[in-house]
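Enquirer: Starting from the given sequences, assemble the full structure and let the hints guide the process.
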Amino acid sequence: VVLPLLVAATISVAATTTDLRDLVAAVGGDRVSVESLTDPRHDPHAFEISPRQLVRLREARLLVRIGLDHEPWLRRAVGGLTTLPRDLDASRAVMLLGTETPRLRAERSAHVHAFGNTHYWLDPENARPLTLRILEELSALAPADRAVFEANRARFIARLDAGLSRWEQMLRPFAGARVVTAHDTWPYFARRFGLVVAASVEERPGVPPSAAYVARLVERMRATGVRVVIGEPAAPAALLRRIADRTGAQVVTLAPSVGSDSEAVDYLTLFDVNVRRLATALAP
Amino acid sequence: VSLALEILVLPVLACLVLAGIHAYLGLHVLARGVIFVDLAFAQVAALGMAAALLAGHALGSDAAYSHALVFTAAGAALFATVRTNATHHAEGGGGADSIPQEAIIGIVYAVAAALTVMILDRLPQGGDQIKQLLVGDVLAVTGTEVARTAAVYAGIGLVHWLVRRPLLALSFGGEVSARRAWDFLFYFTFGVVVTSSVRIAGVLLVFAYLIVPAVAGALVSATVRGRLLVGWTVGFAVSVLGLTASYRWDLPPGAAVVSTFGAVLACIAGAHGIVVLARRARREGLRALSGIAAVVAGLVAIAGAFLAAVPGADHPWLNAAETVAPIVLTTFLTEGERRTFAESHAAIARGAAELDRLRALAVDVQWGTRELDPERRERLRQFLASRGEIVAGDRLVLATLRRHARHRQRFVVGLPLAMIGATAAFGLARHARAKRRSRPVAGDVQIRQR
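Going down the list, the protein sequences come from chains A and B.
For the first sequence, position 191 matches number 191 in my numbering, and the numbering has no gaps at all.
For the second sequence, position 181 matches number 1181 in my numbering, and the numbering has no gaps at all.
It is worth saying that the hints were derived from the structure and are not from the lab.
Backbone N, C-alpha and C fix where the C-beta goes; we use that ideal spot for every residue, glycine too.
Hints are supplied without guarantee of correctness; some may be wrong.
[Unchecked claim] Pairwise CB distance ranges (calculated):
| # | chain 1 | residue 1 | chain 2 | residue 2 | range |
| --- | --- | --- | --- | --- | --- |
| 1 | B | GLY1174 | A | LEU54 | 50 to 60 angstroms |
| 2 | A | LEU54 | B | ASP1373 | 49 to 59 angstroms |
| 3 | B | ASP1373 | A | ARG172 | 19 to 29 angstroms |
| 4 | B | ARG1148 | A | THR82 | 53 to 63 angstroms |
| 5 | A | LEU54 | B | LEU1415 | 48 to 58 angstroms |
| 6 | B | ARG1148 | A | GLU59 | 47 to 57 angstroms |
| 7 | A | ASP266 | B | LEU1059 | 24 to 34 angstroms |
| 8 | B | ARG1377 | A | THR83 | 44 to 54 angstroms |
| 9 | A | ASP266 | B | GLU1389 | 17 to 27 angstroms |
| 10 | B | ALA1385 | A | LEU81 | 47 to 57 angstroms |
[As the list claims (entries may be wrong)] Covered stretches of chain B, going by a simulated chain A footprint (3 or more residues, C-beta under 8 angstroms):
| # | stretch |
| --- | --- |
| 11 | 1217-1230 |
| 12 | 1366-1379 |
| 13 | 1420-1434 |
[Claimed, not checked] Computed footprint of chain B on chain A, listed as stretches where at least three residues anywhere in the stretch have a Cβ under 8 angstroms from a Cβ of chain B:
| # | stretch |
| --- | --- |
| 14 | 66-74 |
| 15 | 210-216 |
Expert: This is the structure:
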């Protein structure tokens, strides 16, 4: 009799990604049960919701999502619900990059994320405002637990601060280094750690670059001595390798999300893994 | 140019290798009427790879490759059996003869794709790699890949040449003993080829290489040898043309080659049609053209009527005419509008040139080949964004002026076109029908036979 009561006492939260799930768990601790609706090993744009996740979404009292145009499948998934959960659009909590898309679309230049780049969780500093918003939402649902949430968040922020100084120290020697990325995933990460993303290989994920674009890229990389190409699990590995071979650069595969790489098990190890790999690749 | 060569040389070689074997296999596929069998095989091989991953093998290992091979063999056996059964039933007058082979192929494709999705959902890692087996990027081929593929295809080509008699008889009709075994051999070698091609070039490109040269050959020639020669010519020419176009106009390479295939096939079909028409015109005089002239006149009538009815919609033929001769547009503008039109045109040209220059500067700054202090960099970013909006605004002005002109062209251009076109189409159609009735029936049959 006690067990169901205990279960019922936790706040059920649905997060759209594993990164947001970890941030919710960091604040909520054992007072929430949170699950990610998507699997980071699959393409987030071509996601198909499964019945179990739909049940999860139906039971959720809070939905935490990346926002912008990151979850095109969500509108349909939520469409069938009779009572909507509280909705936390996490993109409202941070400063966005890449928002300067022309309102009048006359240019032919590609722009994947029309409302700003969605990969803002890859700046660890953004975890501060994100967890604060999560704290507010959780406290609104369970006002009695506010103190618990605040203590949890303080503990998380302390670990985050320790991590930040560790990561910044590891990448400080390479400040200003230019890198080429597979997709436009890393602007927030690069800005935080003083790297410059010179160009992306695939401007639109899934649309292979033209031969002329690759040729220009190779030429530029040779001329400026770019030594690192940042890949990710979903990137076209063969193409990256070929570009790297031609320029003498090195492909380093980073994890864009918690769980997209077996080593990146939570939000903080995500940066441990990425920073370590990047520092190794950038080291002369 | 040297860089272009360096980037393009391997993709072109890879495409030539593909064209060599696929133009030949395409003849079989077309003759057998199993157009989408390559998609089914690619999906079955991907399922095999997914199963290998599920069994704990690394992608690219020998174990994974043998998985894919076994699945391909199973698919080949299934297709060979089903085909034989269908023929058998047809002879015996059973009910299954009404099921076309394409239905089985479609089912295999769908089920294999669904099973792959389910397996990928269970996998501990690496779903994206499987997906990439089906996408392929011809720009990313390596020298060893091209050499290995060429060797495998040469071997398969040799096998097909050695046993060409039963294989050709199977596809193009003829008596063969041990149908099932030969059918299996065909489908299995075909499956192996398609699976390795798809990994290099992706399903879209492989499909085009398989079907378009064969169709082009069938349009032009009646013999297997002639079709093969035409197919190879088309395949090789399109490979070089398409990849060059991709470089020249900055297009995704695979899509560029497939589109070139479409364009070349359209040209061949158009030329074929003109030849047939010219032959008829020589025999029957200009009256032979009245049918096609009626169709053209009908299209003119529809375009005119559409302009009159919905002037706000897109009228690409009128846009094209106005690009060639701006007077078609400017006659329908007021004096003031004409001034705005000229000013906007000039502003767009100026703005676009400036945008190009500043974008190049921004790229240089991003690459570090030109230095710019942070404040000026931010100003450049904002200037680019706002100037882009202004140019887009000027384009909007042009579009608005064009809309105004359309409403005036509506009755002056649209209605007369509709009436002239309709009258001409009606007259020509009657002419064509009268001609057909007057022609002796026996002559008609004779022409067909010839």
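Enquirer: Next, verify each hint and record whether it holds.
Expert: Taking the hints in turn, this is what the structure says about them:
Taking the beta carbon of each, B:GLY1174 and A:LEU54 are about 56 angstroms apart, inside 50 to 60 angstroms as hinted. For A:LEU54 and B:ASP1373, the hinted distance range of 49 to 59 angstroms is satisfied, since their beta carbons lie about 53 angstroms from each other. Checked against the hint of 19 to 29 angstroms, the pair B:ASP1373 and A:ARG172 passes, with Cβ atoms roughly 22 angstroms apart. The given range of 53 to 63 angstroms is respected by B:ARG1148 and A:THR82, whose C-beta atoms sit roughly 58 angstroms from each other.
Evaluation of the 48 to 58 angstroms hint for A:LEU54 and B:LEU1415 yields a pass: the beta carbon distance comes to about 56 angstroms. Look at B:ARG1148 against A:GLU59: about 53 angstroms separates their beta carbons, and that is inside 47 to 57 angstroms. The given range of 24 to 34 angstroms is respected by A:ASP266 and B:LEU1059, whose C-beta atoms sit roughly 27 angstroms from each other. Distance hint check for B:ARG1377 and A:THR83: the Cβ-Cβ separation is about 49 angstroms, which falls inside the suggested range of 44 to 54 angstroms.
Between A:ASP266 and B:GLU1389 the beta carbons are some 42 angstroms apart, a value that contradicts the proposed interval 17 to 27 angstroms. In this structure the hint that B:ALA1385 and A:LEU81 lie 47 to 57 angstroms apart at CB is violated, the actual value being about 38 angstroms. For the stretch 1217-1230 of chain B, the stated coverage by chain A is not satisfied: 0 residues place a CB nearer than 8 angstroms to a CB of that chain, which falls below the threshold of 3. Counting residues of the stretch 1366-1379 of chain B whose beta-carbon sits less than 8 angstroms from any beta-carbon of chain A gives 4, enough to reach three: the coverage restraint holds.
With 0 residues bearing a CB less than 8 angstroms from a CB of chain A, the stretch 1420-1434 of chain B misses the requirement of three and the coverage assertion fails. Proximity of the stretch 66-74 of chain A to chain B, defined as three or more residues with a beta carbon under 8 angstroms from a beta carbon of that chain, is not established by the 0 residues found. For a cut-off of 8 angstroms, the count of residues in the stretch 210-216 of chain A with a CB near a CB of chain B stands at 6, and the three-residue condition holds.
The structure shown violates the earlier hints numbered 9, 10, 11, 13, 14.
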